[in-house]
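Using the sequences plus the hints, can you model the full thing?
Protein chains: 2
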Amino acid sequence: MTHSINTSETDVLIIGAGPAGLMAACWLARTGVPFRIVDKRSAKIFAGQADGLQSRTLEVFQSFGFGDRAEKAANHFEDMCFWSPNEKGDIIRKGRNPDSVQGISRFTECVIHQGNIEQWITDSITKWSQGQGKVERATLPLKMSVDESLINDTSAYPVSVLVKKLNEDDEAVPEQYGAKVTNGLYRQFDGDQDKFYSDLQDGLLDDTHELIKCKYVVGSDGAHSWVRKQLGIDMIGDTTDFVWGVLDMVPLTDFPDIRNRCAIHSKDAGSIMVIPRERDLVRLYIQLHEVPRLEDTTKSEFGGGDAAVSAKGSTTGRVDRSKITTEFIVKQAQEIFKPYTFDITDLDWFTGYQIGQRVSPQFQAYNRIFIAGDACHTHSPKAGQGMNVSMMDTYNLGWKLAHVCKGLAKPEILETYEAERIQIARDLIAFDHKLSRMFSGRPMVPNSEGSSDGVDMAEFQAAFKKGAEFASGTIVDYAPSILEVKEPTPNVEVQYYTKYATKVGVGRRLDSSLIQSQAEGRPWHLADRIPSDGRWRVLNFCGDIKNPELAAANKELSCFLLSGDGFAQYTPVNARTDSVVEVLTIHATPRYECEGTDFPQGLWPKDSHGRNDYWKIYAGIGTSFHKGPCDIYEFFGINTNKGCYIILRPDGYVSHIVPVGAEGIKEIQQFFARFMLPQTQNVLQKDANTPDTDRFFKPVLAV
Amino acid sequence: MTHSINTSETDVLIIGAGPAGLMAACWLARTGVPFRIVDKRSAKIFAGQADGLQSRTLEVFQSFGFGDRAEKAANHFEDMCFWSPNEKGDIIRKGRNPDSVQGISRFTECVIHQGNIEQWITDSITKWSQGQGKVERATLPLKMSVDESLINDTSAYPVSVLVKKLNEDDEAVPEQYGAKVTNGLYRQFDGDQDKFYSDLQDGLLDDTHELIKCKYVVGSDGAHSWVRKQLGIDMIGDTTDFVWGVLDMVPLTDFPDIRNRCAIHSKDAGSIMVIPRERDLVRLYIQLHEVPRLEDTTKSEFGGGDAAVSAKGSTTGRVDRSKITTEFIVKQAQEIFKPYTFDITDLDWFTGYQIGQRVSPQFQAYNRIFIAGDACHTHSPKAGQGMNVSMMDTYNLGWKLAHVCKGLAKPEILETYEAERIQIARDLIAFDHKLSRMFSGRPMVPNSEGSSDGVDMAEFQAAFKKGAEFASGTIVDYAPSILEVKEPTPNVEVQYYTKYATKVGVGRRLDSSLIQSQAEGRPWHLADRIPSDGRWRVLNFCGDIKNPELAAANKELSCFLLSGDGFAQYTPVNARTDSVVEVLTIHATPRYECEGTDFPQGLWPKDSHGRNDYWKIYAGIGTSFHKGPCDIYEFFGINTNKGCYIILRPDGYVSHIVPVGAEGIKEIQQFFARFMLPQTQNVLQKDANTPDTDRFFKPVLAV
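Those protein sequence lines, which keep their order, are chains R and B. Take 1 as the starting number for the first sequence in UniProt numbering and just add one per residue. Take 1 as the starting number for the second sequence in UniProt numbering and just add one per residue.
These are calculated hints, taken from the structure and not from any lab test. Treat the hints with caution; some may be incorrect.
[As the list claims (entries may be wrong)] 30 Å max Cα-Cα, derived DSS-like pairs, lysine-lysine:
#: 1; chain 1: B; residue 1: K134; chain 2: R; residue 2: K127
#: 2; chain 1: R; residue 1: K627; chain 2: B; residue 2: K72
#: 3; chain 1: R; residue 1: K606; chain 2: B; residue 2: K338
#: 4; chain 1: R; residue 1: K642; chain 2: R; residue 2: K546
#: 5; chain 1: R; residue 1: K606; chain 2: B; residue 2: K72
#: 6; chain 1: R; residue 1: K213; chain 2: R; residue 2: K406
#: 7; chain 1: B; residue 1: K72; chain 2: R; residue 2: K127
#: 8; chain 1: B; residue 1: K94; chain 2: R; residue 2: K88
#: 9; chain 1: B; residue 1: K94; chain 2: B; residue 2: K465
#: 10; chain 1: B; residue 1: K642; chain 2: B; residue 2: K555
#: 11; chain 1: R; residue 1: K72; chain 2: B; residue 2: K642
#: 12; chain 1: B; residue 1: K606; chain 2: B; residue 2: K546
#: 13; chain 1: B; residue 1: K143; chain 2: R; residue 2: K606
#: 14; chain 1: R; residue 1: K72; chain 2: R; residue 2: K465
#: 15; chain 1: R; residue 1: K338; chain 2: B; residue 2: K606
#: 16; chain 1: B; residue 1: K503; chain 2: R; residue 2: K627
#: 17; chain 1: B; residue 1: K606; chain 2: R; residue 2: K72
#: 18; chain 1: B; residue 1: K627; chain 2: R; residue 2: K465
#: 19; chain 1: R; residue 1: K642; chain 2: R; residue 2: K503
#: 20; chain 1: B; residue 1: K72; chain 2: R; residue 2: K134
#: 21; chain 1: B; residue 1: K606; chain 2: R; residue 2: K331
#: 22; chain 1: R; residue 1: K72; chain 2: B; residue 2: K127
#: 23; chain 1: R; residue 1: K72; chain 2: B; residue 2: K134
#: 24; chain 1: R; residue 1: K555; chain 2: B; residue 2: K338
#: 25; chain 1: R; residue 1: K546; chain 2: B; residue 2: K338
#: 26; chain 1: R; residue 1: K627; chain 2: R; residue 2: K72
#: 27; chain 1: B; residue 1: K465; chain 2: R; residue 2: K627
#: 28; chain 1: R; residue 1: K627; chain 2: B; residue 2: K134
#: 29; chain 1: B; residue 1: K94; chain 2: R; residue 2: K606
#: 30; chain 1: B; residue 1: K323; chain 2: R; residue 2: K94
#: 31; chain 1: R; residue 1: K503; chain 2: B; residue 2: K627
#: 32; chain 1: B; residue 1: K466; chain 2: R; residue 2: K627
#: 33; chain 1: R; residue 1: K134; chain 2: B; residue 2: K134
#: 34; chain 1: R; residue 1: K127; chain 2: B; residue 2: K127
#: 35; chain 1: B; residue 1: K127; chain 2: B; residue 2: K72
#: 36; chain 1: R; residue 1: K546; chain 2: R; residue 2: K499
#: 37; chain 1: B; residue 1: K72; chain 2: B; residue 2: K465
#: 38; chain 1: B; residue 1: K606; chain 2: R; residue 2: K94
Listed below in structure tokens is the structure:
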């Protein structure tokens with residue numbers, strides 16, 4: 001007997017509440033878009049799993065207001081140490097690199113348990129949604145359908161997802177192998193859905209079922225993505241024979257670099273990556289040289305995390321999981337660490353995995369359903385990339401969904417998601433492919449001239465150094481598109497520059513340097529004045545305002561901003577003029593030689609209450625009393641007698657760089673006209689008693 | 001009819017949960033001492049009130065783990081601007097100073113609403129007490145008595161305080177004048193106690209009464225301190241005729257420095273202090289030149305905050321409070337700001353006060369009852385001193401109470417509280433006396449040669465600059481005592497130095513500079529490795545360990561630490577060896593030229609689980625990849641071929657500086673023998689399942 005089903009609507013349904021799903025939710029909470037986020041598991045993740053945070057990820061955390069939490073709680077690396085065998089076969093320290101590339105970001109790589117990271121993003125969602133946005137756990141998606149007749153109607157809800165609320169105590173808890181210590185060897189959870197599907201076939205719907213109609217779906221549901229399967233997309237890639245164990249524990253050892261990140265190649269016993277963590281914990285990735293295998297070659301049973309791939313390409317038989325005990329892993333580690341002693345205490349987590357690199361050929365369907373994170377790409381975990389790239393997927397997607405859901409921009413901007421992120425995924429796979437094979441390989445034997453066997457350790461160290469730049473996430477470079485005005489570049493190592501700002505790559509994230517508030521003198525990182533709040537920015541590098549031409553350009557820009565031709569057309573009626581596109585002026589005149597009042601009013605607009613906005617004008621060159629000198633003109637390669645306008649996307653990537661004055665203003669107009677929608681019919685309700693209601697996106701709240 | 005009364009015991013009862021009381025509770029929570037904290041009011045404080053945070057206060061916040069919250073949420077100043085009249089009588093900018101003295105601390109002065117500050121400390125109390133320590137509001141103290149026969153028995157509870165739990169809705173809410181905007185003009189709350197006292201006289205005790213027996217009482221109950229009154233102590237000091245209004249609001253003005261801290265002297269209309277605050281708020285302290293007064297001269301009715309003093313010394317009649325409206329205050333401000341326009345919106349809070357400076361002649365009784373904060377000293381609020389000095393009072397007291405309550409030290413150390421803090425209070429009153437009179441005075445008229453009337457503006461600006469050093473709280477200098485081995489110095493401006501560390505003043509807080517972890521390479525501020533956790537520190541500046549003499553000194557120190565003569569005698573049995581006195585080694589050898597294993601084991605002890613402590617050894621000279629060079633030997637004036645040991649109190653003040661090796665070790669032994677108590681009978685219960693039970697003070701938790 002059928003039941004009348006609960007039905008609801010939401011703009012965006014996010015399926016999977018790992019880091020990628022949470023990052024999508026964070027954007028939607030921040031920008032005030034209705035969304036729901038569901039996860040089939042009842043509990044948050046266990047210990048272990050991913051733990052590396054790369055520079056760009058930390059910049060993004062900071063842009064949402066919680067970068068300081070990572071800075072405070074995580075373990076930070078200084079050195080990356082390389083160990084390999086000497087003539088006797090004992091491991092010795094062969095070199096040290098800076099772990100993070102110097103000068104590439106104000107944040108450096110660090111590690112902390114994934115549970116903390118999920119908590120920070122969840123807290124941010126709670127804050128920005130005023131407690132409304134909550135992960136709905138133990139909620140299993142059962143069926144997804146798309147009404148193709150509605151996909152071109154931006155106000156319609158063409159995607160329907162049927163979900164079932166599970167019993168939290170038994171139905172939604174994955175079973176673990178080994179009860180005493182949490183580990184990553186738990187059984188994949190999909191099989192348990194069979195019963196619910198057969199109920200569905202029989203038309204058995206009850207109060208635990210709900211039909212969610214939505215404009216968009218984000219599938220951030222892991223390597224075995226249910227959403228991806230619904231779309232019939234198969235991952236492409238392969239798996240190697242190398243098997244690795246992972247231990248999170250407190251080591252008992254005389255190895256002197258145990259609190260440094262290390263890559264250790266032993267002569268014959270395999271390799272170890274050392275990742276010191278928060279508190280006294282250390283993570284080891286240990287090559288399992290003599291891993292016991294079964295004869296059946298059909299399928300590996302590894303599951304969970306970004307390391308989880310089925311061993312489809314394997315030819316040597318699947319791993320006998322029952323033999324991968326901590327004792328087995330520790331024994332292999334002891335061999336590799338020789339001549340140093342090694343034992344463990346306070347075991348926190350362990351797992352095993354086989355390296356594989358696979359990527360999805362498609363990241364979306366209908367421009368309505370998007371997959372992200374492990375659902376699109378899986379690879380080895382040792383460079384700390386999986387969780388980072390996954391969060392950056394949805395960081396790319398979230399603001400675009402917000403712009404389209406809020407009716408600010410054309411749906412075409414969503415097409416850039418797949419184009420931009422599939423390239424990153426492919427670059428990542430190539431990077432991981434190269435590095436993980438070098439790391440898993442046997443080292444070239446010292447003094448064996450002429451031998452071409454084995455990995456050259458100097459080459460490995462150089463590759464690692466080069467890889468650190470890629471791994472930081474800061475050199476991501478988006479190709480020309482509706483959002484990027486540039487010529488194509490041959491590869492990620494070649495930046496697209498303009499003559500206006502010779503050190504700012506178009507398509508890349510804008511790096512940050514100190515500027516000083518004109519009104520307050522306080523030194524700020526530019527990045528902290530352009531948080532992820534959904535707004536576009538035009539950075540008015542107006543140069544030295546004592547130059548009459550540049551002063552005239554400022555007046556022209558001010559007139560443009562105060563006119564109907566300005567961003568008012570893209571800004572809802574009654575909203576603050578800086579609600580959708582914010583203009584920040586960064587001048588090159590000494591701060592004590594000018595006053596805020598020397599800048600035309602359009603550059604520091606009054607709000608509807610008559611209050612001045614004192615946070616729009618900055619000195620780009622100067623010396624702060626406590627933080628020393630700053631020169632952002634030099635940092636960005638901008639001529640103080642020319643200046644320029646930099647157009648920045650809401651995610652901080654550079655869209656376009658143009659000259660100041662009439663010509664640049666025209667280019668700005670043309671740029672936004674490509675995808676923005678007029679808001680002249682969109683009237684925001686005024687509420688005189690609440691000072692902030694004339695802000696369109698939520699203002700930054702006090703902490 | 002009498003009732004059998006509820007009776008309980010606690011080590012420390014804190015009366016008054018403002019910043020001073022909370023800081024005391026924070027120490028006790030951090031060190032695991034049983035305490036209770038009560039406050040007669042049901043609600044937390046209103047808007048407004050104190051808001052300045054000085055450098056030393058921020059250092060202390062950081063030492064408890066929440067300095068970053070202030071850094072993030074508060075408004076920070078860059079400039080201090082001075083405005084005074086030109087020949088025409090219009091105010092003009094006459095100068096700018098750095099608001100905080102450059103190089104005096106890694107933290108600079110900032111402002112934020114007192115409610116935030118109380119919240120941070122409360123959160124810290126919750127964290128360190130695992131949720132056990134809570135402010136008991138609407139709890140009124142009625143009677144205090146001391147059993148003098150017990151005061152020399154450290155295990156006894158000689159002080160009894162009878163408290164009554166009030167009805168939160170009506171009995172514990174102070175009445176406000178003016179319902180629409182919260183303000184500081186509320187009626188003093190003491191009068192409402194009359195009824196409860198008369199009930200008490202009649203012997204009417206019921207379930208709302210409780211008799212709390214305690215070892216120690218901290219009276220942090222404000223300018224009208226009930227505890228102080230019970231002790232029969234009267235404040236000494238005077239009051240001026242200057243009356244000031246305070247406004248917290250969003251200004252509408254063309255005054256260019258409205259977002260900078262400013263001191264404005266107008267020609268005839270009085271003075272203004274501008275304090276830009278968090279969000280768009282600005283606080284103004286406005287001299288009320290033409291304040292309406294009543295004829296009755298007996299008593300002013302101002303109350304609340306550190307500004308609240310009765311106008312006992314006033315001779316010109318008490319202020320007619322009903323006339324102090326926002327309109328009245330704004331009108332005076334408009335006169336002072338001329339020729340600039342001035343109006344307000346978003347009024348948040350306002351109050352009025354008369355400047356007075358008064359100090360208590362006694363800060364304790366019986367070495368059992370201590371008063372702190374406004375209960376001991378009141379003065380004008382404009383230098384942001386009241387709340388800061390108040391918190392520093394209990395920051396001085398709290399760890400001493402903890403040491404005595406835990407049986408680690410003799411009660412004599414408590415005697416240093418009054419000695420150390422009464423001098424600070426007197427210095428403060430002198431500082432405030434000078435500055436507030438200069439600020440309230442009429443400016444010397446320009447071009448009126450020979451005139452001695454009025455305040456010289458250049459002199460005022462110089463005094464302000466000098467005052468900033470005092471106001472920072474970083475030059476507090478404690479006199480010789482059982483805790484301070486030094487010769488007396490003539491005044492606070494003369495530091496007591498030793499030849500071993502020529503830039504470290506004994507009796508002062510140890511400043512901080514970067515050091516690099518030997519094991520991890522990570523650059524840390526020294527201060528962040530010596531948090532306020534109740535422990536003493538011996539900083540082993542062992543110099544360059546390639547020098548054989550210095551290497552030998554390290555061996556000697558290691559032997560001492562591992563022997564029964566070391567700090568083991570002051571450490572409970574089974575507790576970690578670093579539980580009461582922690583030794584940190586900061587060497588002067590290049591980090592890459594030595595290994596942790598080059599340092600004898602006593603300097604990086606193993607715990608009972610065999611785990612190495614990797615956080616005891618640091619390189620004091622080096623260059624970190626991302627934070628640049630550091631040289632703490634140069635910073636502290638320590639010779640790398642001599643070294644020294646610095647003994648630091650749990651509150652970070654320098655007790656003693658001695659040479660390395662046998663001589664210094666002997667001096668260390670003699671120093672601690674003055675006041676520490678043997679712990680050989682104090683056996684800590686072991687619990688093998690909980691790795692941290694062998695820590696005596698609570699370990700630093702993950703965030």
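Against the structure, the hints come out as follows:
no. : hint             : result
1   : B/K134 to R/K127 : 25 Å, holds
2   : R/K627 to B/K72  : 16 Å, holds
3   : R/K606 to B/K338 : 22 Å, holds
4   : R/K642 to R/K546 : 12 Å, holds
5   : R/K606 to B/K72  : 26 Å, holds
6   : R/K213 to R/K406 : 17 Å, holds
7   : B/K72 to R/K127  : 16 Å, holds
8   : B/K94 to R/K88   : 75 Å, violated
9   : B/K94 to B/K465  : 14 Å, holds
10  : B/K642 to B/K555 : 15 Å, holds
11  : R/K72 to B/K642  : 35 Å, violated
12  : B/K606 to B/K546 : 24 Å, holds
13  : B/K143 to R/K606 : 57 Å, violated
14  : R/K72 to R/K465  : 26 Å, holds
15  : R/K338 to B/K606 : 22 Å, holds
16  : B/K503 to R/K627 : 23 Å, holds
17  : B/K606 to R/K72  : 26 Å, holds
18  : B/K627 to R/K465 : 19 Å, holds
19  : R/K642 to R/K503 : 15 Å, holds
20  : B/K72 to R/K134  : 26 Å, holds
21  : B/K606 to R/K331 : 23 Å, holds
22  : R/K72 to B/K127  : 16 Å, holds
23  : R/K72 to B/K134  : 26 Å, holds
24  : R/K555 to B/K338 : 28 Å, holds
25  : R/K546 to B/K338 : 28 Å, holds
26  : R/K627 to R/K72  : 20 Å, holds
27  : B/K465 to R/K627 : 19 Å, holds
28  : R/K627 to B/K134 : 39 Å, violated
29  : B/K94 to R/K606  : 28 Å, holds
30  : B/K323 to R/K94  : 80 Å, violated
31  : R/K503 to B/K627 : 23 Å, holds
32  : B/K466 to R/K627 : 21 Å, holds
33  : R/K134 to B/K134 : 29 Å, holds
34  : R/K127 to B/K127 : 21 Å, holds
35  : B/K127 to B/K72  : 20 Å, holds
36  : R/K546 to R/K499 : 22 Å, holds
37  : B/K72 to B/K465  : 26 Å, holds
38  : B/K606 to R/K94  : 28 Å, holds
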